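Asks: What follows is the residue order along each chain.
There are 2 protein chains.
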Amino acid sequence: MATITFLYKDLLQYTEAIFQKLGSTPEDAALAAKVLLSADLRGVDSHGVARLSGYVRLWEVKRVNATPNVQILHQTPSTATVDGDSGLGLVVAPKAMQIAINKAKQVGTGWVSVQNSNHFGIAGFHAMMALEEDMIGICMTNASPLVSPTFSVERLLGTNPICVAIPAGKQPAFVADMATTTAANGKLEILQRKNLEAPIGWIQDANGDATTDAHALKNGGALLPLGGNREQGSHKGYALGAIVDIFSAVLSGANYGPWVPPFPAYVPMPTNMPGKGIGHFFGAMRVDAFRPADDFKRHMDQWIERFRQSRTIQGQDKVLIPGDPEREMEEVRLQQGIPLLHPVVEDLKSLAQRFDVEFPSHNS
Amino acid sequence: MATITFLYKDLLQYTEAIFQKLGSTPEDAALAAKVLLSADLRGVDSHGVARLSGYVRLWEVKRVNATPNVQILHQTPSTATVDGDSGLGLVVAPKAMQIAINKAKQVGTGWVSVQNSNHFGIAGFHAMMALEEDMIGICMTNASPLVSPTFSVERLLGTNPICVAIPAGKQPAFVADMATTTAANGKLEILQRKNLEAPIGWIQDANGDATTDAHALKNGGALLPLGGNREQGSHKGYALGAIVDIFSAVLSGANYGPWVPPFPAYVPMPTNMPGKGIGHFFGAMRVDAFRPADDFKRHMDQWIERFRQSRTIQGQDKVLIPGDPEREMEEVRLQQGIPLLHPVVEDLKSLAQRFDVEFPSHNS
Numbered sequence: 001m002a003t004i005t006f007l008y009k010d011l012l013q014y015t016e017a018i019f020q021k022l023g024s025t026p027e028d029a030a031l032a033a034k035v036l037l038s039a040d041l042r043g044v045d046s047h048g049v050a051r052l053s054g055y056v057r058l059w060e061v062k063r064v065n066a067t068p069n070v071q072i073l074h075q076t077p078s079t080a081t082v083d084g085d086s087g088l089g090l091v092v093a094p095k096a097m098q099i100a101i102n103k104a105k106q107v108g109t110g111w112v113s114v115q116n117s118n119h120f121g122i123a124g125f126h127a128m129m130a131l132e133e134d135m136i137g138i139c140m141t142n143a144s145p146l147v148s149p150t151f152s153v154e155r156l157l158g159t160n161p162i163c164v165a166i167p168a169g170k171q172p173a174f175v176a177d178m179a180t181t182t183a184a185n186g187k188l189e190i191l192q193r194k195n196l197e198a199p200i201g202w203i204q205d206a207n208g209d210a211t212t213d214a215h216a217l218k219n220g221g222a223l224l225p226l227g228g229n230r231e232q233g234s235h236k237g238y239a240l241g242a243i244v245d246i247f248s249a250v251l252s253g254a255n256y257g258p259w260v261p262p263f264p265a266y267v268p269m270p271t272n273m274p275g276k277g278i279g280h281f282f283g284a285m286r287v288d289a290f291r292p293a294d295d296f297k298r299h300m301d302q303w304i305e306r307f308r309q310s311r312t313i314q315g316q317d318k319v320l321i322p323g324d325p326e327r328e329m330e331e332v333r334l335q336q337g338i339p340l341l342h343p344v345v346e347d348l349k350s351l352a353q354r355f356d357v358e359f360p361s362h363n364s
Numbered sequence: 001m002a003t004i005t006f007l008y009k010d011l012l013q014y015t016e017a018i019f020q021k022l023g024s025t026p027e028d029a030a031l032a033a034k035v036l037l038s039a040d041l042r043g044v045d046s047h048g049v050a051r052l053s054g055y056v057r058l059w060e061v062k063r064v065n066a067t068p069n070v071q072i073l074h075q076t077p078s079t080a081t082v083d084g085d086s087g088l089g090l091v092v093a094p095k096a097m098q099i100a101i102n103k104a105k106q107v108g109t110g111w112v113s114v115q116n117s118n119h120f121g122i123a124g125f126h127a128m129m130a131l132e133e134d135m136i137g138i139c140m141t142n143a144s145p146l147v148s149p150t151f152s153v154e155r156l157l158g159t160n161p162i163c164v165a166i167p168a169g170k171q172p173a174f175v176a177d178m179a180t181t182t183a184a185n186g187k188l189e190i191l192q193r194k195n196l197e198a199p200i201g202w203i204q205d206a207n208g209d210a211t212t213d214a215h216a217l218k219n220g221g222a223l224l225p226l227g228g229n230r231e232q233g234s235h236k237g238y239a240l241g242a243i244v245d246i247f248s249a250v251l252s253g254a255n256y257g258p259w260v261p262p263f264p265a266y267v268p269m270p271t272n273m274p275g276k277g278i279g280h281f282f283g284a285m286r287v288d289a290f291r292p293a294d295d296f297k298r299h300m301d302q303w304i305e306r307f308r309q310s311r312t313i314q315g316q317d318k319v320l321i322p323g324d325p326e327r328e329m330e331e332v333r334l335q336q337g338i339p340l341l342h343p344v345v346e347d348l349k350s351l352a353q354r355f356d357v358e359f360p361s362h363n364s
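Protein chains in written order, with the UniProt record's numbering: chain L, 1 to 364; chain V, 1 to 364.
No wet-lab data here; the hints were simulated from the structure. One or more of the hints may lead you astray.
Each pair may be met inside one copy or between any two copies, as identical chains are not told apart.
Said to hold, decoys possible - Here are the simulated DSBU-like cross-link-like pairs (lysine-lysine), alpha carbons at most 30 angstroms apart as the crow flies:
id, residue 1, residue 2
1, Lys276, Lys170
2, Lys21, Lys297
3, Lys349, Lys9
4, Lys297, Lys95
Since we're looking at a predicted model, the values are computed, not measured.
Build the full structure now, drawing on both the sequences and the hints.
Replies: So, in structure tokens, the structure goes:
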């Protein structure tokens, strides 16, 4: 599909201006734009600026508060429960992660569970905030129900991603950022747009049978937990998604399971919701809370180098370290710009017009 | 395969006596026996009393110290690094988990990384210690390399299990205890004994090709990370196994990746080992460090009840909550006894003779 390429800094400025028009403070708008665009830079196109009008629609129906008072409801020296006050997850999440980091500075680790938030972009951004502090960063979030537990035909879990970011020395950091499903919903959307079949193990139909129909979700189907089916370990993917849901929402007082509010503003809200908004969970662990940071980094370098040097199966030239593809994509896109699909560009242009914001010229 | 059934309390007494003969203190021997037998009770037969003679052989070659001085090397209010002093993991692990629990009592959470340990039985036992304190328990360990990362033909990771145990109110606790591979090695061993084929996605051959040959591991093959292949998400299982390895060993100063010492005492030790023994990682989080424990438990009950009531696919009568099968097995085996295979019984009898310990009579 044809794309048009824009410079990162131009899209950042544009996005920041839109968030300001929604009423965000300049600081919050800058933060939200940076978090949102980090997805485009890292190649997670489904979670980047393409979603901007989705956030605007949540603001229109008053599900997003542009001036949230993000505050701690309850805390101990190593933990906090945070109320996101219905703010953009793009703003609530980095503030909550900063609380985790501050606690880790004091007592070694910090753990923050968040209620009353919204979609926070990519988990990787928030977890990676820990890296510059020589900390391991952990980030997870629940999401609206698209996934069936093993043996279920109901959708009870979101794609519930987990990110763990681990600093190294000379080597780039280890950053595993993954949905707890076989495939992220964004990958399925690409197949849907191209009318291609999905591999077996990604989705099931309304009866719970394996299917390759990429459109099955629209007809009562569901995404499958990592593993795909029981014999291939889907009960483990289901357990991982469940853990993310419980840490993010049962600990914090957010909604969980089938009650998590949907991202599309036109989808009706669930009834009898047991909590507030969606939930996230953040962790920060100082590596020098366990051993001297230099020792840790030297061994982390050795770990990474040994895995990189592994002999490969035929047809593959290297074993990847988690985070390699996204980091390489970020280097390319910072230089060459971010390619956007035509429909996304049209959507962003109409937002620009509506909010009287300048739309950037494309880069080529 | 025919089995002989023994009462739990008889096997416990026998196992305790064997550990005492190795030189363990009465307290440590009782603890080690309880941890080891918890695997048999919960139906994880590969990790129970069948391994007793394996532990004895490690003691024979002086890789297990029967009287370890388990001590904290480094700590902060919420963390500790523990030296297992080459003790039985069955003793080191619950002591390290207790340190995590004690820290959680003080500052909300506790996180302990352990070096210089040995195989610790099932992860579930240690994580579940947190439940009676109204804490979430987390436990992981690395293990000798049997698993190839995605695109690799080398074995660089162990089956590296993760357990997360979460307390509930009226409902039994949520306990997810899983290898980060598609299938645990114990399940493969069952297929090998019965000369059955393995499902695709469990193992690869020496060239890295998918195979159903359950004996492929003996011929240079490897277990596969959860997901099985790249298209089915094996890079996520690889990342999970890697995170377990790094938390357990790079944080603590234990051996990691291909350098983790093998469980069988006859397998030569790796050369140029970068650390000490194998590594574990433990976490404990007080639920009331986030919200009142009663609120948490009420919502956890609602979470569990909603998932249990899910409509099922044809041919399955219920959606399981992680931990259900093991808990049901424990109830049965506490009453009816633990069935052991004939070769295991013969092995235990010869240990009894050698150490002049009474062997229990079977229960039927």
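Asks: Hints first: check each against the structure and report whether it holds.
Replies: Each hint, compared with the structure:
1. Lys276 with Lys170: between (43 angstroms within a copy, 24 angstroms between copies)
2. Lys21 with Lys297: Neither: 44 angstroms inside a copy, 42 angstroms across copies.
3. Lys349 with Lys9: within (17 angstroms within a copy, 73 angstroms between copies)
4. Lys297 with Lys95: both (27 angstroms within a copy, 27 angstroms between copies)
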